[in-house]
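Enquirer: Work out the full structure, taking the sequences as your base and the hints as a guide.
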Amino acid sequence: MLQREEQESHSIQVRDLTKKFGDFTAVDNISFSIKRGEIFAFLGPNGAGKTTTIKMLTTLLHPTSGTMLVNGYDPMKDQDAVRRSFGIVFQDQSLDEELTAYENMEFHGVLYRVPDRILRKRIEELLNFVELWDRKNDLVKHFSGGMKRRLEIARGLLHTPQVLFLDEPTIGLDPQTRNHIWKYLKDLNRTEGITVFFTTHYMDEAERVADRVAIIDQGRIVAEGSPEELKKKTDAKSLEEAFLSLTGKKIREEEAGSIDQMRMTRRMWGR
Amino acid sequence: MFRTIYILWLRQLKRYVRSRSRIIGSLGQPLLFLVALGYGFGPIFQKAGAGNYLEFLAPGVIAMSILFTAIFSGIEIIWDKQFGFLKETLVAPVSRLNIMIGRTLGGATVATLQGIIVFFLSIAAGFRPTNLTFLPVALLIMALTALLFTAMGTAIASLLEDMQGFQMVMNFLVMPIFFLSGALFPLSGLPDPIVITAGLNPLSYGVDGIRGALVGQMHFGFITDLAVLSGVTALFLVTGSYLFSKMEI
Ligand SMILES: Nc1ncnc2c1ncn2[C@@H]1O[C@H](COP(=O)(O)OP(=O)(O)OP(=O)(O)O)[C@@H](O)[C@H]1O
Ligand SMILES: [Mg+2]
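The listed protein sequences derive, respectively, from chains A and B. Under my numbering, the residue at position 30 of the first sequence is numbered 30, and the numbers go up by one with no gaps. If you want my numbering, it's the 1-based position in the second sequence plus 1000.
Among the clues, some could well be false.
For the chain B half of the interface with chain A, some residues (derived, Cβ under 7 Å), not all of them [as the list claims (entries may be wrong)]: (1) Arg1003; (2) Ile1007; (3) Arg1015; (4) Lys1081; (5) Phe1085; (6) Glu1088; (7) Val1091; (8) Ala1092; (9) Pro1093; (10) Val1094; (11) Gly1126; (12) Arg1128.
Hints were generated in silico from the structure; no laboratory data involved. Note that the structure is a prediction, hence the values are computed from the model and not measured. Idealized CB from N, CA, C, for every residue including glycine.
Expert: Here it is, written out as structure tokens:
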């Protein structure tokens, strides 16, 4: 079992976690821990098992085997406690497009039982933070991809979670919007000490933003450490080179795989 | 818990009220049935000594619009599943049972409203209810029918992967439920297989109850209608909740 002390200094602890879909092993016996206040990146190609890991940590999927602790709670046993303690931005868009930005926030606040008198103030604060307050009464279907992403981040923070999960938060966005989003997240991490767990396949993003990176490929963690350590270990100049020498391949075949392209199109069309 | 259910209910209602094109579009079909069938078959019906056909048909068309709207509201879960919003609800610290209750109540409210709109539409088309004192009974039966088929839609949606299965559900389940319910023709004097099928079809009891309340013609009677509708609704609510709680995304 996990040590008490370790539990307090860590937001997330994962031991020998495995998920099989039929015969196929999507996540293969992985272990890692994330310290409180850390920004941790899961870096891996399509189908590596990033989303599957997040789904298990966030109570959406049952693991085949292994143990997990999120903020000291077991996602399989203390579902509600775990759910209250994290915020999440899913890989695919998850807003109600027929509702306004404010209504999406309000819906979330009620589900998470944020008390009424705090709720309104907090929504205003967060929508200001992501610079969407003046668009609060617009239907989400009229928002751009970047605006939707920012709204999802604001929503994920509404119930003051200790950990924020972000599954490919910047995929399909232009570099300017990507920088913008990371500016918010960095700020948040610095001022509120919130732990951030994100997945990405943008090397530069992992290198620039993350305190620590785990490289995941075919369901296995092949390396873990700070970007500096990973580069040193593989004698590489950039994280990209390090990735190449650790996994023997590039992270994405061409510009973007067909799955990503579909996602981008979907986002562009507002779906 | 009540706030959770309330906000889920409110969401369904807001989505309905905002999709004005959906409301208007969904009125085309009942109007067509009322005008084309009501007036087209009217003379034959009258000649056969069965009375005023529009009077007979209108409650059936009201039931039809409730059936379609309710099933669609239930099936909307697939939509949410495909477009991601469902995940937002499922990672929240709320029990799945409450989510299911909120959605089902919302869907049923929307379907009942749709039924009320079609009631007024049929009045505009020339339908005259014979007994207005039974209006509350008609409303109760409409609401029960709406609840029943929303729960059924939710149960089905929990089993389907994506929208592709939806067309099949429409063709092989919803259409037969509608056509074999006595919504369009009287059940008495028909071949046994049709009468038996109609007897197994929950919509028949909804149609019967609404018709009984509005124009005083009945096949089964109110007691049977209410008993069957409540029983089947309870059954679908339980199955729907169970299937929904088992759904993985
Ligand atoms: N419900 C499921 N049933 C069967 N296979 C699944 C299921 N979910 C995921 N998989 C498979 O598990 C593997 C890992 O998927 P996952 O979504 O975790 O990858 P990922 O690292 O998030 O990739 P991406 O960068 O494309 O998002 C893939 O091969 C995927 O096809
Ligand atoms: Mg993924």
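Enquirer: Hint by hint, say whether it matches the structure.
Expert: We went through each hint and held it up to the structure:
At a threshold of 7 Å, the smallest CB-CB gap from B:Arg1003 to chain A is about 5 Å, leaving the interface hint in force. The interface hint given for B:Ile1007 is met, as the beta carbon of that residue sits about 4 Å from the closest beta carbon of chain A, less than 7 Å. The criterion of a C-beta within 7 Å of any C-beta in chain A is met by B:Arg1015, whose closest approach is roughly 5 Å, and the hint holds. Checking B:Lys1081 against chain A: minimum C-beta separation of about 11 Å lies over 7 Å; hint violated.
The criterion of a C-beta within 7 Å of any C-beta in chain A is met by B:Phe1085, whose closest approach is roughly 5 Å, and the hint holds. Of the supplied interface hints, the one on B:Glu1088 holds, with its beta-carbon coming within about 5 Å of a beta-carbon of chain A, less than 7 Å. Below 7 Å, beta-carbon pairs count as interface contacts, and B:Val1091 has one with chain A at about 5 Å; its hint therefore holds. Interface restraint check for B:Ala1092: the shortest CB-CB distance to chain A comes to about 4 Å, inside 7 Å, so the restraint holds.
Evaluation of the B:Pro1093 hint against chain A yields a held restraint, the C-beta minimum of about 4 Å falling below 7 Å. Checking B:Val1094 against chain A: minimum C-beta separation of about 5 Å stays under 7 Å; hint holds. Residue-level restraint check for B:Gly1126 is violated (minimum Cβ-Cβ distance to chain A is 35 Å; threshold 7 Å). Residue-level restraint check for B:Arg1128 is violated (minimum Cβ-Cβ distance to chain A is 37 Å; threshold 7 Å).
In summary, the structure is inconsistent with hints 4, 11 and 12 from the numbered list given earlier, while agreeing with the others.
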